[in-house]
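Chemist: Residue strings, one per chain:
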Amino acid sequence: MTSGDRIVVAIVVALALLEWPASVLATGGFAVQKVVTVTAPGHSYAVPLSAERTIDVHGLEGTVTVVVDGGEVAVTEAACPDHICVRQGRVGSGAIVCVPNGVTVRIGGGPDALDAQVR
Amino acid sequence: MRSTPRSADPRALTGTALLVAVGAVLGLVESAMLPPLPVPGVRLGLANIAVVLAMALYGRAAGLRVAVMRVLVVGLATGMLGGPAFALALGGAVTAWAVMALLDRVPSVSAIGRSVAGAAAHVAAQLLIAALLAASPSPLLLAPLSLGLALPCGLAIGYSARLLLSRLPLAQAAARV
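As they're listed, the protein sequences go chains A and B.
Start counting at 1 in the first sequence, then tack on 169, and there's your number in this note's numbering.
Start counting at 1 in the second sequence, then tack on 19, and there's your number in this note's numbering.
These are computed hints drawn from the structure, not numbers from a lab.
Please note that the accuracy of each hint is not assured.
Only part of the chain A face toward chain B is listed, based on derived beta-carbon distances under 8 Å [stated by the list, open to error]:
| id | residue |
| --- | --- |
| 1 | 171 |
| 2 | 178 |
| 3 | 184 |
| 4 | 186 |
| 5 | 188 |
| 6 | 193 |
| 7 | 249 |
For each residue, glycine too, the CB sits at the ideal point set by N, CA and C.
Based on the sequences and whatever the hints tell you, model everything.
Modeler: Spelled out as structure tokens, the structure:
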């Protein structure tokens, strides 16, 4: 290894060490923002889980009201016979499904989520 | 790209073509292997041996030819041509070549230093492109780890390339490394 090689190695090490605090500052660390995805027949919405939003979704049977607030999601009203989705209450992970209306409310983008893989 | 007199030499042309094939095969072998670490984007970079050799034997322009052609062949063979993974591969390969070509002008840096710098540039370019494609700076969080791992990988590839160059019966090899 020549002296020039040693300088190159030192520069790479220095860049790796300097980049670390810079990238943490720029991105706010490894905290991954979760996203609520509401899918209905013909359309879909994406809302950050940290937001406070009420969405009226048009399902097959009628309106489904999805409330996002305090890091949780709930279906508060739904035009369906059984109200299984409403009885599921407030949910911080996983999904709520309203089968008669064809509406799904899914929470994703957590630390385990792998969207794509590059080889 | 204008061809330099040296690469117009049929010997250099066939040598460069051979290195494209070697680089493509090494890239395919590597993409079939399990990644050594579960860090995205980290790989040994075996294919870079072909680029380092091409640059040392036939000049900088030949290095670029091998880098780009190799990525095209691997993209075609793995069906990723034109996808985001292809953009990452091409960006990484071209940036690595550019940095290695710059260091090729510095006489005190050998194939080892060039290989280390190329590996680091490859990683840095890929993370930047990933950040652009994802429209989010979070891929850059991997940079310290990826750059740190690029160092041993680059050293290994550089030493391998030097070993190969010292065994090749070509006068140019001895002259350039």
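Chemist: Which hint numbers does the structure go against, in order from smallest to largest?
Modeler: Violated: hint 7 alone.
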